[in-house]
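**Student:** Assemble the whole structure, with the sequences as input and the hints as a guide.
The lines below spell out each chain.
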Amino acid sequence: MNLKRIFSIIRKEFFQIKRDKRTIAIIIMMPIMELLLFGYAASTSVDHIPTAVYNNDIGIESRDLLDSFVNSQYFDLDYNATSMQEIEEYIDNGNAKAGIVIPPEYSKDLKNGKTAQIQLIVDGSDPTTAQTILSSAGGVVQSMSVEIIKETRGIEMPQVLDLRSRVWYNPNMSSINFNIPGLIGVILQTVTLMLTSFSIVRERERGTMEQLIVTPITKMELMVGKIVPYVIIGFVDIVLALALSVFWFRVPIAGSITLLLLFSVIFLFGSLGVGLVISTVSKSQLQAMQLSMFMIMPNILLSGYMFPIEAMPDIVGKISTVLPLTYFIKVLRGIILKGNGFGQLYQEFIILTSFGLGFLMIATVKFKKKIE
Amino acid sequence: MEYDIQIFSLTKKFGNITAVDNLEIQVKKNTIFGLVGPDGAGKTTTMRMLCSLLVPDSGTAQIGSYNILKENEKIKQDIGYMPQRFSLYGDLTVLENLEFYSEVYQISKKERKEKIESLLEFSNLTKHSYKLADQLSGGMKQKLALSCNLIHTPKYLLLDEPTIGVDPVARREFWKILFELREQGTTIFVSTPYMDEAERCDEVGLMNKGRIVKKDIPSNIINNFDKHILCVYSDENHIARNLALEEKYVMDAYMLGEGLHIVVDDLDYASEKLREKFNNKIIVSSIKETAPSLEDVFVNIIKSEKR
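Sequences listed follow chains A and B, in order. Position 150 (the first sequence) corresponds to 160 in this note's numbering; numbering is contiguous. Position 239 (the second sequence) corresponds to 244 in this note's numbering; numbering is contiguous.
Since the hints were made in silico from the structure, they are not lab data. Keep in mind that the hints are not guaranteed to be accurate.
[Said to hold, decoys possible] Below, in silico cross-link-like pairs of lysine-lysine (DSS-like), each with a Cα-Cα straight-line distance of 25 Å or less: (1) Lys308(B) - Lys253(B); (2) Lys14(A) - Lys118(B); (3) Lys229(A) - Lys75(B); (4) Lys120(B) - Lys14(A); (5) Lys229(A) - Lys79(B); (6) Lys75(B) - Lys33(B); (7) Lys293(A) - Lys380(A); (8) Lys278(B) - Lys232(B); (9) Lys18(B) - Lys376(A); (10) Lys379(A) - Lys160(B); (11) Lys214(B) - Lys311(B); (12) Lys160(B) - Lys380(A); (13) Lys14(A) - Lys115(B); (14) Lys18(B) - Lys380(A); (15) Lys75(B) - Lys378(A); (16) Lys214(B) - Lys380(A); (17) Lys136(B) - Lys28(A); (18) Lys75(B) - Lys379(A); (19) Lys75(B) - Lys376(A); (20) Lys378(A) - Lys18(B); (21) Lys380(A) - Lys75(B); (22) Lys293(A) - Lys18(B); (23) Lys79(B) - Lys378(A); (24) Lys229(A) - Lys376(A); (25) Lys18(B) - Lys379(A); (26) Lys79(B) - Lys379(A); (27) Lys293(A) - Lys31(A); (28) Lys229(A) - Lys114(B); (29) Lys79(B) - Lys14(A); (30) Lys79(B) - Lys376(A).
It should be emphasised that the depicted structure is a prediction, and the values quoted were computed from it without experimental measurement.
**Tutor:** Following this line, the structure appears as C-alpha cells:
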C-alpha cells in the first residue's frame, strides 16, 4: 500500500465532491433537513392542552393550584367533571388530553403539614403530547411546592405535594429526547451508505474505472482511497447532527462525547462497507440507489428508531438483531440519554466492530480490478 | 526481429459467442500496428485482455518481458491504455487529471511539473489547463486522454479506436503525435475503423470474428490483391449496383466514397459487358479501373469470409 497514491485518490474524490452540488446537498442539507423535519414532527412544544378537572376540595389552596396550571399556558381547564367517570368520558372521547383530580382532603392536608396528593391522568395514545403533559404538570406542581414552602417558612416537610401520574393507553412513551439520538443514527447511515454506494458505480458507469484499473494502483489503495473521504464526511455529519441536537433541540449529551464519536466511526465503517458492497455488485447508479434504499428501509423501520423492538412480533424482532443500526441506536440512546460508559456498551462495540470488518471484507473480496 | 507484443492463441468467450478466437499477433518493436475490422470483430476484447482488464479463457500474450497472465500488475507500469470511451474525470480540470495520473503513477514531484508542462505543450492543451475535461472538444479530449497515458513514459501504448468521433483535422494531428512517439521508441498497438489511418500503420491486421484474417504491411496488402476494381460513376448508383450484381463475372459491387466499386477478374471483358448492360437504363458518366485501396481489399476479404 502506497500512502501517497491513496492520498491522491482521496484528493481527487474531494475535488469531485466539491464540484457536485447534489452530493454537497446530501452531505450538508440532508442531516439538517431530516433533523429539523423529523425533530419538529416529534416535537414536544405542545401547549394549551384541553384538560378536565375533578376538584373534590373546597379550599382556596386547590383553586391556587388550578390557577397555576392555567397560568403555565400548558393547560386549558376546559371541562369541569363531577365524577371520575366523567373524567374518563372526557378523555375517552378525545375532548380532553389530561385530567386533574384533586382529592377532598387536599387543603386540609396542606394546612396540617401533610403531603397532599394530586392525581394526573394522561392520554398516552399520543406519546409526545403525553410526555409534555407529564413534564409540564410536574413543573407546575414543583413550583407550587416551592411557593407553599416559602409561605409556611420553617416547617419541615419532606414533600409538600405528591403528583400521582397515570398514563393511559400507551405506557411506552417516546419524545424528542428519545427520537433525536435514533435520528442521528438513521441520518448517518443514509448519507454514508448512499454516497459510497455511488462512488465506485459512478466510476464504472462513466468509464473512468477502465482507465483507473490499468494503472499500477492496487485494489486496497483504491478501496481505502474511496472509503476515507466518506469517513471524513460521515464524521462531519455526525458532528453537525450532534451540534444541532444539542444547541437547537436542547437534547443534552449525558455521556462521553469521545465515546460517542468512537462508536460513530466504527458504525461508519460498517455502513461504508455495505455501501461498497452495493457499489461493487450494481451495474448502474440507479441500481445502487435501489439497493441502498432496500438496505436503508428495514434499518429505519426495524432498528427500534420508529417502533420499539419489544413491541415487534418475534420474527420481525429477530431481523432487527442483524441490523447494525439497531445496535448503534442503542449506543446513541445509551450515551446521550443515560450517560452509559464503555462498560455498559462493550457488547455493542463487539457487534458493531464485527459488522464493520465483515462488510469491509466482503467488499474487498467482491471488488475486482477487472471489468465485466 | 524483435517483437514487443506477442499474442499466443488468445481466446475469450462471452456465453456462446467467441469474441476472440485463437488469436495470434506479433508486433515488432518500435512500430505502429493497426488492428482493423468490423464492429464486433473482437478488437476491444483483445485490447482489454492485453492490459489485463479481462482474463482470457485460454492462450496468453507477452508484452515486452511481461506475461499478461503472470505479471498482470507489473505490466501496468509500462503500458498506456486508452479505452474507446473517454475515461478521464470530466469533472476535473485538464491539469487536475494530469496531476492525478502523475500521482497514481508515482512520478516524482520534480519530474512531474516538467512532464506535465511538456505534455500540455505536446498536445496543444496548455491554454486549456484550467478547463474541466468535460468542456473540451472531442479531439482535445482524446489528446488529453493520450497525455494522461504518456505521463509515465510507457514503452507500449494500446489505443482502442482513439480517434473515433474526432474531426479529420484533429485526427491528423493525433496521428502526428503517434508518429513522434514511435520516433521516441514507443511500440503502439492501435485499433481503428478508419482505413486512411490503417494505411499509416507499419503493419495492419484485419480482424474478423475474433481472428486475424490478413496481416501485412499496408502496401503489400494492396499490391497482393489479385482482382481488379472498376469504378462506376452514374446518376443511379443503386440501380447500377443491382444490375452489376446480376452478372456472373461480377464478384462484388459496393459503394465506396462517391463511386460504385465493382470487383472483377477480367477487366476488359467486364467493362465491355457492363457498358452494354447499363446502356439505355442509366446514365453512366464513367467506367474505369481504379487502384484498389486497403478498404477494397478488406471489404473483399470480409465478404469472402461470409460466403
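**Student:** Please work out if Lys75(B) and Lys379(A) have their alpha carbons no farther apart than 25 Å.
**Tutor:** holds, 15 Å
**Student:** Would the pair Lys214(B) and Lys311(B) pass a check requiring their Cα atoms to be no farther apart than 25 Å?
**Tutor:** holds, 10 Å
**Student:** Are the Cα positions of Lys79(B) and Lys378(A) separated by 25 Å at most?
**Tutor:** Between Lys79(B) and Lys378(A) the Cα gap is close to 17 Å, so the pair holds against 25 Å.
**Student:** Quick one, are Lys378(A) and Lys18(B) close enough, alpha carbons at most 25 Å?
**Tutor:** holds, 19 Å
**Student:** Are the Cα atoms of Lys14(A) and Lys115(B) separated by 25 Å or less?
**Tutor:** Holds - the C-alpha atoms of Lys115(B) and Lys14(A) are around 15 Å apart, at most 25 Å.
**Student:** Taking 25 Å as the top limit, are the C-alpha atoms of Lys379(A) and Lys160(B) close enough?
**Tutor:** Measuring from Cα to Cα gives roughly 22 Å; hence the hint holds.
**Student:** Run the distance test for Lys160(B) versus Lys380(A): straight-line Cα separation, threshold 25 Å.
**Tutor:** holds, 22 Å
**Student:** Take a quick look at whether Lys75(B) and Lys378(A) sit within 25 Å of each other, Cα to Cα.
**Tutor:** Holds, at about 16 Å.
**Student:** Does Lys114(B) sit within 25 Å of Lys229(A), going by the straight-line distance between their CA atoms?
**Tutor:** Satisfied, since the Cα-Cα distance of roughly 24 Å is no more than 25 Å.
**Student:** Mind checking the alpha carbons of Lys214(B) and Lys380(A) for me, to see if they're no more than 25 Å apart?
**Tutor:** holds, 24 Å
**Student:** Hint check: Lys18(B) vs Lys379(A), CA-CA at most 25 Å. Holds or violated?
**Tutor:** Holds - the C-alpha atoms of Lys379(A) and Lys18(B) are around 19 Å apart, at most 25 Å.
**Student:** Keeping to a limit of 25 Å between CA atoms, is the pair of Lys293(A) and Lys380(A) held or broken?
**Tutor:** holds, 14 Å
Going down the numbered hints, you'll see the structure goes against none, and every one checks out.
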